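Asker: Listed in order, the protein sequences are those of chains P and B. Heads up: the first sequence begins at 1 in the numbering used here, then just goes up one per residue. Heads up: the second sequence begins at 1 in the numbering used here, then just goes up one per residue.
Be a bit skeptical, because a hint or two may be false.
Claimed, not checked - Here's a subset of chain B near chain P, in silico, CB distances under 10 Å, partners left out:
| # | residue |
| --- | --- |
| 1 | His366 |
| 2 | Thr370 |
| 3 | Gly371 |
| 4 | Pro405 |
| 5 | Ala410 |
Stated by the list, open to error - Chain P regions said to be covered by chain B (calculated; three or more residues, Cβ under 8 Å):
| # | region |
| --- | --- |
| 6 | 220 to 229 |
| 7 | 266 to 272 |
| 8 | 278 to 287 |
| 9 | 303 to 312 |
Note that these hints are calculated values from the structure, not bench results. It should be emphasised that the depicted structure is a prediction, and the values quoted were computed from it without experimental measurement. Even for Gly, the Cβ is constructed at its ideal location relative to N, Cα and C.
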Amino acid sequence: MTDAATLQGQAADVIVIGGGIVGAACADELASQGLHVLVLDCQRPAATAAGMGHLVVLDHSAAELALGEYSVKAWRELAPQMPDDCAMRTNGTLWLACNEEEMEEAERKHAALSEYGLACELLSGAELARAEPSLRSGLLGALKVSGDGILYAPNAARWLLQRQSSRVVLRQAEVAEVQGNRVRLATGEWLQAPAVVLASGIYARELCPDLPLQAKKGHLLITDRYPAQITHTLVELGYVTSAHKGNGPSVAFNVQQRPTGQLFIGSSRQFDNHDPQVDAAMLGRMLRRAMDFLPGLGEMNGLRSWTGFRSASPDGQPLIGEHPHQPGLWLAVGHEGLGVTTATGTARLLAAQMLRTRPPLDVEPYLPQRFIGARAHA
Amino acid sequence: MSMSMSMTEHVDLLIIGAGPAGMAAALAAAPHGPSIALLDDNPLPGGQIWRDGPNAQVPKQAQDMRTQLQGFSNVRLHSGCKVVALAGAKRLLLEDDERGWVLSYDRLILCTGARERLLPFPGWTLPGVTGAGGLQALIKGGLAVADERIVIAGTGPLLLASSATAQKHGAEVVRVAEQAPLSAVAGFAAGLWRWPNKAIQAITLASAAYRTSAHVLAALGTDRLEGVRVQVGDKVEELACERLACGFSLVPNTEIARALGCTLRDQAIVVDEWQATGLADHYAAGECTGFGGSELALVEGRIAGLVAVGDRNKARGLWAERQRWQGFADRLNKAFSLNPALKHLAAPDTLVCRCEDVRYADLAAHDSWTGAKLATRCGMGACQGRICATAAQTLFGWEPPLLRPPFSPARISTLACLDDI
Ligand SMILES: Cc1cc2nc3c(=O)[nH]c(=O)nc-3n(C[C@H](O)[C@H](O)[C@H](O)COP(=O)(O)OP(=O)(O)OC[C@H]3O[C@@H](n4cnc5c(N)ncnc54)[C@H](O)[C@@H]3O)c2cc1C
Ligand SMILES: Cc1cc2nc3c(=O)[nH]c(=O)nc-3n(C[C@H](O)[C@H](O)[C@H](O)COP(=O)(O)OP(=O)(O)OC[C@H]3O[C@@H](n4cnc5c(N)ncnc54)[C@H](O)[C@@H]3O)c2cc1C
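Same shape as in the complex, but just chain P (with noise of 0.2 Å):
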């Protein structure tokens, strides 16, 4: 767009306000289409540094499928370059059916996946037992999803915004008002460049009252080191067909094992609760539930526990793209709890909408929009 001669008065080609992983990913991608961008962060307690980062498809719609396929691939992709420090696998989800009901959810997505071309295979109770010798006996089998992974979301969004330094300035500063492409910081300072990005996960609502965007609080613990207990990433099923249903709380079992040989355990659901202290209820029932499908993790020291909270938007899909009233600022909110898998796709279909390129999905079911209704002149 611009070169550092012409930036006159702008303080970049864009300005990404948040430095997590959605952010960042955005940063990346537009200093590789050539952009100079602008990262203001202000380090609060962000979704990135609590979730567990687990690069995983869901299909509750068609579009969490084609972004979520999307955006897998596009890590898988980044994978070689990536430093060890961001932990990156694809060490494969194995999606756990306690009973019938499940065994058909597996069933029902095993079809929907390998519709859609992903490599997956259905595993009997038996062949799930070999597989993952620690799960508890008596499970009717599993989905295994081989292409999904897990990274260290923290590192990798670090590297992101690290590894294209002439183009991507990474400032501290907390962002307190935002007006269509300029900026207020809390220091009283105005900053403007032709597109500013509002990537600020839970907090985007302080800076654009009109998101529709409701916190949903998680907890996740973490233990000892130990030696290999599981080696895919483990998850019931019943969080799709029962546990994580509806607005009450809810846990759902949910185990990936880090390289430190950590084992890294979700994960739990509550509603309207703003408080990021850790409630004991919920960790407790989050546990007994993944006792019980691990039942060595009785024995197992647990080190640390915390809560993160997830933003999400009324459909549970992101918000990306231009602000319908607002030109010049460009969203890239809403995406629960799976903002680390899908940045890298979000990412390009927001630099696809800025630049006019074409698309790599069709952008429609994303737009705020859907949302926040239509562009005041369009």
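Fit chain B with the ligands to the known structure of chain P by using the hints.
Answerer: Leaving out everything else, chain B with the ligands in the frame of chain P:
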């Protein structure tokens, strides 16, 4: 309805910490008949000063207190037991070797004591380097130090206590480096004889090894400690030794108090004249309310125990004694206040967080504990920041984080007891 409900137990009075303060509190409250649980993470009651072990000689006073405690059928001692989490109002999740369970209480006395402050300096992570009190504990626990050359550095009377223990077990203490200036220490010297009791007489201020205005600069060696570089006044000396024990005074253990919501000042739990914290039915006594030595801890514990069972008259009768020991403690704290130069011992590549290998320079680039933790993972290891967050508080003035459950590593099966609180 669930398993965890049936595992909940109840006591009238819970005392956390079985050091001098906690034992005294239990003994003062016990004759009134309430059910009392006295819990401590060590295998035997006694706390820091009366720490037991194969090489320890626990004084008669401590042995008597233990015997008396055993005489009360309403006192239940939970040794090797730790507090894992808050489990709702007046309920705590506990764990020992055998089980995890929820204990509910009507009144609580925090007697959690203090721990050593460890500050990073070049080489402090070499094998052979320990805390000053840490060395003492190791020796009491059976570590043989005969004929080893030992340097002890840091501040406060604990250096002398540690030195006395090392000498008694045959070590050669080649240097005791006290950071406080002679003027401050000498002004206090008369009182020092009372702390910590007789043990200290083995080494005196006149001892050839003792230096004031002296502090460690670096621990030397490649795979293990070979020597120590010490600043003594304006001179630098290097001493060959097998061990270095460093303690930069004590910091109160206030993690549980903070989690409960008690007010802190100067890193210690704030209590009123009844040893009551601002939280109804929650009391605190001993070194978790500020550094003061075992005599102060004992009398505070007695007051707290009496108040917790409603005997304020008898408690009031102990105020004068407490006042006397408090005056002594105040002078002690003044004499050994930390020289700000000690905050600058670490080199850029000195590890501050040993669990996650975080260097001083990595931390210094940040302006808060949270920011530093997000970027470096410091405090995310097994000690959960107890060492590095305490050091960072001293070095950078950063507020340490509020502990989250589990307060210390605990079995998943224990934590799962929280599922129905
Ligand atoms: C418990 C839990 C488990 C999860 N598990 C997974 C998982 O397994 N897989 C997966 O894909 N996703 C997971 N997620 C979701 C994922 O973590 C998030 O969707 C993702 O991290 C969102 O990234 P972000 O960059 O949008 O927001 P954040 O990571 O929240 O980043 C926002 C950034 O904006 C900055 N900021 C905020 N306000 C301002 C301001 N005013 N000025 C300047 N800067 C500001 C903050 O400092 C922060 O750095 C999980 C989330 C939670 C809570
Ligand atoms: C390392 C060290 C060595 C010391 N050596 C001497 C010495 O030789 N001579 C001397 O006069 N003074 C010594 N002191 C000072 C001594 O601590 C006090 O004089 C006195 O012991 C204070 O008594 P207290 O009951 O307040 O605390 P402490 O004696 O510290 O007792 C507190 C007890 O509570 C336990 N505890 C704390 N938190 C928990 C928890 N969450 N769950 C379960 N248990 C818990 C601790 O393990 C400890 O046993 C030493 C202090 C330290 C830190």
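Asker: May I ask which of the numbered hints given earlier this structure violates, with the numbers listed in increasing order?
Answerer: Violated hint (a single one): 7; every other hint is consistent with the structure.
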